[in-house]
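Participant: For reference, each letter of the sequence shown is one residue, going 1 to 243 in my numbering.
Since the hints were made in silico from the structure, they are not lab data.
Just so you know, not all the hints are guaranteed correct.
Said to hold, decoys possible - Here are the computed lysine-lysine pairs in the BS3-like style, where the Cα-Cα straight-line distance is at most 27 Å:
1) Lys76 to Lys200
2) Lys7 to Lys87
3) Lys87 to Lys6
4) Lys239 to Lys87
5) Lys76 to Lys7
6) Lys76 to Lys87
7) Lys87 to Lys200
8) Lys239 to Lys7
9) Lys200 to Lys6
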Amino acid sequence: MFSIYKKELVTYFSSLIAYITLGIFLLVLGLFVWVFNDTSILNYNFAGLNQLFLITPVVFTFLIPAITMRSFSEEKQNGTIEFLQTKPITDFEIVLAKYFAALSLVLIALLPTLIYVYSVYMLGSPKGNLDMGGTIGSYIGLVFLVGVFVSIGLFSSTITNNQIVAFVLGTFLCFFIYWVFYYISRLPVFVGGLDDTIEKLGIAFHFESISRGVIDTRNVVYFLSIIVFFLYASFSILKLNRS
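Produce the complete structure using the sequences and hints provided.
Facilitator: Pasting the structure below:
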């Protein structure tokens with residue numbers, strides 16, 4: 001399993017596309033957090049990183065499917081998935097190896113954003129006037145969000161040998177599970193009745209809850225459940241294709 005994980009990471013970092021994708025990610029975040037007038041933290045009268053944590057899920061909706069789209073689609077297209085499955089490793093270990101490789105890549109991409117935390121901390125008046133509890137909670141929420149989006153992107157890649165289709169499907173599913181339940185809960189027919197229940201089905205509710213700095217076990221269970229569901233779905237598809 002570790003050999004496949006290592007191979008996937010090496011493949012990512014030996015690809016120009018990976019560097020371009022990560023570069024675009026950091027550029028877009030930097031523009032929204034520091035440059036654009038409507039979202040720049042320099043135009044606000046308090047020290048905070050709300051803009052970063054509002055923009056990042058949107059960028060991840062496109063970035064992560066772009067990273068994971070080749071995970072299994074390329075293997076199927078090149079006919080190497082059968083060779084991979086002949087090795088002394090289970091299908092679930094293959095899924096986990098590819099999952100953790102993609103997860104590691106995205107988490108590495110998040111590391112440079114810690115510079116933003118330091119910058120806002122130093123720019124605060126007085127210095128250090130930053131809600132560290134909320135900031136740490138938001139980063140923990142991002143880690144869980146990355147975990148969910150990677151599992152969705154991986155699942156999308158297992159059901160097709162076309163990378164573009166895998167990207168479009170992964171983007172749609174990430175968008176749907178993050179935002180759509182919130183908008184459905186706001187429909188007049190649900191307001192005052194099932195609105196809270198429906199909203200809790202979406203990631204946005206749980207991400208915002210963790211971002212307040214309070215780690216509720218219900219939120220953790222929610223994220224882990226979705227990750228396990230999509231990883232198991234990916235395993236099931238591989239097992240079905242093998243038979």
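Participant: Given the hint that Lys87 pairs with Lys200, does the C-alpha gap stay at or below 27 Å?
Facilitator: Distance ~41 Å between Lys87 and Lys200 Cα, so the pair is violated.
Participant: Given the hint that Lys239 pairs with Lys7, does the C-alpha gap stay at or below 27 Å?
Facilitator: holds, 22 Å
Participant: Going straight from one Cα to the other, do Lys239 and Lys87 come out at no more than 27 Å?
Facilitator: holds, 14 Å
Participant: For the pair we were handed, Lys7 and Lys87, check the Cα-Cα distance against 27 Å.
Facilitator: holds, 14 Å
Participant: Assess, step by step, whether the Cα of Lys76 is no farther than 27 Å from the Cα of Lys7, and give holds or violated.
Facilitator: Since the Cα atoms of Lys76 and Lys7 sit roughly 17 Å apart, the hinted pair holds (cutoff 27 Å).
Participant: Please work out if Lys76 and Lys200 have their alpha carbons no farther apart than 27 Å.
Facilitator: violated, 36 Å
Participant: Mind checking the alpha carbons of Lys200 and Lys6 for me, to see if they're no more than 27 Å apart?
Facilitator: violated, 36 Å
Participant: Between Lys87 and Lys6, is the straight-line Cα distance small enough, at 27 Å or below?
Facilitator: Measuring from Cα to Cα gives roughly 16 Å; hence the hint holds.
Participant: Would you check the hint for Lys76 and Lys87, treating anything up to 27 Å between C-alpha atoms as holding?
Facilitator: holds, 16 Å
Violated hints, in rising order: 1, 7, 9; the structure is consistent with all others.
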